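Engineer: Each protein sequence line maps, in turn, to chains A and B.
The opening residue of the first sequence carries number 1 in the working numbering; numbering runs sequentially from there.
The opening residue of the second sequence carries number 1 in the working numbering; numbering runs sequentially from there.
Treat the hints as calculated values from the structure; they're not laboratory data.
On a predicted model such as this, the values are computed, not experimentally measured, just so you know.
In this text, a Cβ means the ideal position worked out from N, Cα and C, and glycines have one as well.
Heads up, a few of these hints could be off.
Listed next, the stretches of chain A that the computed footprint assigns to chain B, with coverage defined by at least 3 CB atoms under 8 Å from CB atoms of chain B [as the list claims (entries may be wrong)]:
{"no.": "1", "segment": "29 to 41"}
{"no.": "2", "segment": "514 to 526"}
With a Cα cut of at most 27 Å, we get these calculated DSSO-like pairs of lysine-lysine [as the list claims (entries may be wrong)]:
{"no.": "3", "chain 1": "A", "residue 1": "K281", "chain 2": "B", "residue 2": "K181"}
{"no.": "4", "chain 1": "A", "residue 1": "K580", "chain 2": "A", "residue 2": "K554"}
{"no.": "5", "chain 1": "A", "residue 1": "K94", "chain 2": "B", "residue 2": "K580"}
{"no.": "6", "chain 1": "A", "residue 1": "K22", "chain 2": "B", "residue 2": "K281"}
{"no.": "7", "chain 1": "B", "residue 1": "K181", "chain 2": "B", "residue 2": "K22"}
Which chain A residues face chain B? A few, computed with CB under 10 Å, are given here [to be verified]:
{"no.": "8", "residue": "D21"}
{"no.": "9", "residue": "G25"}
{"no.": "10", "residue": "P221"}
{"no.": "11", "residue": "Q238"}
{"no.": "12", "residue": "N467"}
{"no.": "13", "residue": "N469"}
{"no.": "14", "residue": "T473"}
{"no.": "15", "residue": "A510"}
{"no.": "16", "residue": "K554"}
{"no.": "17", "residue": "Q558"}
{"no.": "18", "residue": "T561"}
{"no.": "19", "residue": "T589"}
Number of protein chains: 2
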Amino acid sequence: MAESTTYKVIGTRPIRHDGVDKVTGRAIYGADVQMAGLLHGKVLRSPHAHARIRSIDVSRALALPGVKAVVTSADLPPAEDRVIQLGEGGVNLKYLSNNILAGEKVLYKGHPVVAVAATNPHVAEEALELIRVDYEVLPPVLDVREAMKDNAPLLHENLKTKSLGQETDKVSNIATHTQFKLGDVEKGFREADVVIERDFTTATVHQGYIEPHNATAMWNPDGQLTIWESTQGAFTVQRQLAPVLGLPVSQIRVIPSEIGGGFGGKINLYLEPIAAVLSKKTGHPVKVLMNRAEVFESTGPTPGSYMRIKIGATKDGRLTSAQAHMAYEAGGYPGSPIGAGMMCIFTPYDIPNVLIDGFDVVVNKPKTAPYRAPGATNAAFASETVIDELCETLGMDPLQFRLRNGAKEGTRRADGPTHARIGYLETVQAALNSEHYRTPLEGPHVGRGVASGYWFNVGLQSSVSINVNADGTVTLVEGSTDIGGTRASIAMQAAEVLGLKAEEVRPIVADTAGVGYNDVTGGSRTTFASGYAAIEAAHDVIRQMTERAARLWKIEAQDVTCAEGIFRNKQDGGQSLAFKEVAAQLGRTGGPVVGRASVAPRGVGGAYATHIVDVQLDPETGKVTILRYTAIQDAGKAIHPSYVEGQMQGGAVQGVGWALNEEYFYNDQGVMSNASFLDYRMPTSLDLPMIDTIIVEVPNPGHPFGVRGVGEVPIVPPPAAIANAIYRAVGVRMHHLPMSPGRILAAIPAKG
Amino acid sequence: MAESTTYKVIGTRPIRHDGVDKVTGRAIYGADVQMAGLLHGKVLRSPHAHARIRSIDVSRALALPGVKAVVTSADLPPAEDRVIQLGEGGVNLKYLSNNILAGEKVLYKGHPVVAVAATNPHVAEEALELIRVDYEVLPPVLDVREAMKDNAPLLHENLKTKSLGQETDKVSNIATHTQFKLGDVEKGFREADVVIERDFTTATVHQGYIEPHNATAMWNPDGQLTIWESTQGAFTVQRQLAPVLGLPVSQIRVIPSEIGGGFGGKINLYLEPIAAVLSKKTGHPVKVLMNRAEVFESTGPTPGSYMRIKIGATKDGRLTSAQAHMAYEAGGYPGSPIGAGMMCIFTPYDIPNVLIDGFDVVVNKPKTAPYRAPGATNAAFASETVIDELCETLGMDPLQFRLRNGAKEGTRRADGPTHARIGYLETVQAALNSEHYRTPLEGPHVGRGVASGYWFNVGLQSSVSINVNADGTVTLVEGSTDIGGTRASIAMQAAEVLGLKAEEVRPIVADTAGVGYNDVTGGSRTTFASGYAAIEAAHDVIRQMTERAARLWKIEAQDVTCAEGIFRNKQDGGQSLAFKEVAAQLGRTGGPVVGRASVAPRGVGGAYATHIVDVQLDPETGKVTILRYTAIQDAGKAIHPSYVEGQMQGGAVQGVGWALNEEYFYNDQGVMSNASFLDYRMPTSLDLPMIDTIIVEVPNPGHPFGVRGVGEVPIVPPPAAIANAIYRAVGVRMHHLPMSPGRILAAIPAKG
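Chain A extracted, bound-state conformation:
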């Protein structure tokens, strides 16, 4: 496929197709789902962070008028302690199922124990208060380092550590220990003139999407189950639900609504199986909604983590060796993003010797879920702070240091592969050239920091169909939840191929029954992979339309060319037909034209970002004010630059939240003290300046238009960039997130 590099649609900024629905309030979200006979479910959750369930008495709840059913884990198929295949990986069915409704134990405050369906939500809530659960309360373990200790309370009595790929007999809270190794790290440190080693911790942080979780289920008597909900992946829900409910995939239909934010947090199952079994028991559709406290306490935050980082360089500024010990909290069940953190931590650099040890550790907190470049922000906070200290020690400009040591095409990654064509150095150069970086920063207690970040992005599977309308417009049927404007970015790629305007392609997000399989909207894959499928489906349309034009001219298809939506008769140069003209004749040339494509693209292009931030500190209060922020990122090719900029800005803002304010604040008993948006402090527009953006375009050779995927990497650099800026402002190195006023105030005298 040879695409033109002068585009008509790609790179423009049309209004998104779903824009009016969103701004007029017409868009339908999960909580808007209504149907006849709808019951409402509520979930009773554990008040304890760690306890054994002795007994559950639901009799009084069942006797309450209006209560139609009560379910516990006993209503799910047996949660066997075995690994089942799910998509590309394996997962323990017991963990998957027990996180929905607790089995013998509750493992975090908020762990679901019982659910009730009633004629209205108020009755359901009242019923929860009538349920008696007898708990044997156990001591909780809330910190990853505590949990790794030999004498720590055990969450799972038979969790045997998997170490360096081998099963062991050791029972502990450490689910896995994995290692990446490149060269000889000890030799590398011996070659270094400067070696810096530091400890870091990061807090448990929530994705903080505005829309709480929701699910409405109808379990038909014939065993067909339909779920309506907002999710990042309707097919992913379908595939997780099947083993949890013991249903074949094909009996489950998931109908996705619009989604009010996800950031990775709307991939795991929470309410779906509960709504399903309540529906099965009652014969009615059942809707279950979470409130904000439930979202905080019972859905996946990103892990708190502990990291020890050691990096060495020669005095002329050449990196020789890097080592990381990384321990991530998985929450109540194994499965932190430790692997992704390890894949990202040193990847912006060409380092000959690398050793990374990663630990996936269970603690008495909610099971973690993906959160925008999961694991990479924790990692970059640590590594990019040490790199900054190295640069300072060596007396080098941190961007010049990156230009010298930065990864490029052919650089070997610690996890094995070598980089294909990437645009990291181009982001660093763009930062150096930026008006921001070239403008001196003045004033009291001000500082400028920079940091870089890497995210590998994923490809997975996508399917797209394109139906040609009689008026020459087309409908594009995709299966990717649109979170950040992907209806537009996918439609635009099809429009470019078809020679249509963006508005002439009408994108529709179908349910699991209406389109071929599509993996989750996540991993920065949607514009890349579903866009790829749209391109291929558009080519399929052009092939068929070419045949139709040939039929109209009564010539062979090989004698028809198509460019920019115009079909030409090669035999008769003057004869041409527009796409619309051929479309009007489909009925008499063989029927409708439907293009389709399914892809599992291999040529995923990694994403790099470099951020510059200016801060000012109030030494009285420890408050950090962001004065100026510029996010620079390699998009490969920006299909719709406004939405690329939106991702860069949104990611940066979330990173600022991690850096300065956000954390789950737990008491000793493992109870979260700040489970509301009032107390869990996310940045608002009043806390932030405009986030400036610079899009760098180094086309990904693995995509027809060069797309990489832009959604995740912008959250990676901010904490480190801000920590580095704080150091420039007041001379203290911050090693713990969030860098809240109290921590900063505590650090300044420590320096003094």
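With the hints as your guide, set chain B onto chain A.
Structural biologist: Just chain B now, with coordinates in the frame of chain A:
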């Protein structure tokens, strides 16, 4: 394509996929649609059958609290008096638009004039009473023969008769006069030994579906219009709405619900444009529902008609000539099914000389709509009664007469083409062989009649997509409204090709945005054409799955065979993979598999039926009791025999209604006196014996499995068969439908 003739799925009787939803009341129909901010519309209809609108005063209605908008035809784009292209044919935009909301004139009692949207249906109804319409009442014309007279009141002041393909200057109620001619009919009559000529009339009859019409519309501020409704053709609604509303097709999305019967009556527009403009004016979604009286008075019945039939035969029973004068009532606007009636009237017979004159005539009744083999039942009542009288005169058994004169492959039709392979004689032979026909009929006032019927069936356009699920089942996405079990009949054809069970194919009816173009569910086309598309889409799946199997074996696709869902390695006879096994590996062999096909099949196979009926007359009351009924029909190939039988039974029952009871009863002012199911007498299960069925299978060479389409022809023979049975019972020939007790009582003394 060479299909096996021993089928595994086709010809079996699995439970329909939507069965549980239907019997448990879970299926969602148009009236079930709910959404936030929904307004309710009601329509003010003309109390006069013929009047000029002088003025409309809506001010008091608009002042009523809760009323949000009022619309008249002035709110639709100008209804220009010009022919626009719509699908395969042309239609006058003025007629199309003015039937939705009357322009200068109302042309039938019940003609919509004004519509109101209010916060609830009661307020909307109240508002209707506050609207003042000033009418100049005109004399109505209600009978087709009266309407054809020179001095008849004119419905349209500028309707010029189109005669034999030519425009004329003659203004009348006759919209068109068309003619089919074969041989020399006068010469034919001279060669005949017996010539019989008779006059016939049939009444205006309604389809009588249980579910009234409904439409909910949301007109977004960005010009995107969504319609939720029950319809026989979501795309057909979309294409009609576009010119009426002045919107491009691509801005209209039609989401079909389940449908509670249609029979042709849910193809035309009624409420959709009204709901749309009410939504546009209010910014809210608007739902409009009809009540039963509105359905009778304002939606399309089938035409009343007048026919004069003359048929000649030699004394040895050979047909020599046939002539028909046929005048069909179009209702208020041109467009009766006169053409279809002409195509069907003599088509069961091989007659060398035929002359058919057909007239499409406007009268002050609701615009007719298609009704199950539209026009053919009227025609067969006339022709098959004359044939019966000919047989009686010649002393021949009516079935033997048909065997001698019946149409077969190669017989030329009066409308031009010659028959392909058809199964008419096979239905006659099956009738002769039937236990019913061979069992003598005994008792007082009993009689047995037979009649045959023909319907040409249509093909048009269909699209189907098939998505392969990870568990080896598939989802089949179609765009054909499922009225009589076509989810099953389409899915079964795909299952046969794929080597799956019927239950392993999950059929989904998508909306206009979710699937390629599909023509209406009508013309007995769905199992034929959408089934054809399903077969082709399944072959597309097999092609791709074969490539995947080859990839797993690391061989070329040409070295893989597939039969009955098993892929085999030609190189290694022992190596095989089941469809499910390949399906489980799609992620690692190139991504999802989606098959698709669009078809506009040419090889439509005509349908023939022969019915036998035994009746008993009560000479005191004139009541006819159906003692026994056998419907025999060539299905080509019965995909799901139960649903074929269901169509045969349902068609026969509706034909019994035409024959004995059903009619629009008008007073002199053109007001229908029986616009309720209490007074409009449809047969119930208490009125009928079990309808026995005999399926004959003469495969249609134009379809891979031989399907013809079965939905319409069973309504064609009943009135004639019953008339012939009544004659055998009491010796009177009935020439007017319905053959109600009163008419029969009146006829018996006339004979006496």
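Engineer: All the hints need checking, so say for each whether the structure fits it.
Structural biologist: Results for each hint:
For the segment 29 to 41 of chain A, the assignment as covered by chain B holds, since 4 residues bring a beta-carbon within under 8 Å of that chain's beta-carbons and 3 suffice. Closer than 8 Å: that is the beta-carbon criterion, and the segment 514 to 526 of chain A has 5 residues meeting it against chain B, so the requirement of 3 holds. Restraint check for A/K281 and B/K181: not satisfied, since their Cα atoms lie roughly 67 Å apart, outside the 27 Å limit. Proposed proximity of A/K580 and A/K554 is supported: the alpha carbons are some 19 Å apart, at most 27 Å.
With a C-alpha separation of about 26 Å, the suggested pair A/K94 and B/K580 falls inside the 27 Å cut-off, and the hint holds. For the suggested pair A/K22 and B/K281, the alpha carbons sit about 20 Å apart, so the restraint of at most 27 Å is met. For the hint linking B/K181 to B/K22, the alpha-carbon distance of about 48 Å lies beyond 27 Å, and the restraint is violated. Annotation: A/D21 was flagged as interfacial toward chain B, and the flag holds, the nearest CB pair being 7 Å apart, inside 10 Å.
The beta carbon of A/G25 comes within 9 Å of a beta carbon in chain B, closer than 10 Å, and the hint placing it at the interface holds. The criterion of a C-beta within 10 Å of any C-beta in chain B is met by A/P221, whose closest approach is roughly 5 Å, and the hint holds. The interface hint given for A/Q238 holds, since its Cβ lies 9 Å from the closest Cβ of chain B, which is under the 10 Å cut-off. Taken as an interface hint, A/N467 checks out: its beta carbon lies about 5 Å from the nearest beta carbon of chain B, inside 10 Å.
Nearest Cβ of chain B to the Cβ of A/N469: about 5 Å, under the 10 Å cut. The hint holds. Because the smallest distance between the Cβ of A/T473 and any Cβ of chain B comes to about 4 Å, under 10 Å, the interface hint for this residue holds. The beta carbon of A/A510 comes within 6 Å of a beta carbon in chain B, closer than 10 Å, and the hint placing it at the interface holds. Look at A/K554: its Cβ only gets to about 17 Å from chain B, farther than 10 Å, so that hint breaks.
This hint is violated: A/Q558 has a C-beta 22 Å from the nearest C-beta of chain B, more than the 10 Å allowed. The criterion of a C-beta within 10 Å of any C-beta in chain B is not met by A/T561, whose closest approach is roughly 23 Å, and the hint is violated. At about 8 Å, the closest approach between the beta carbon of A/T589 and any beta carbon in chain B falls short of 10 Å, and the interface hint on this residue holds.
The earlier numbered hints that this structure contradicts are 3, 7, 16, 17 and 18.
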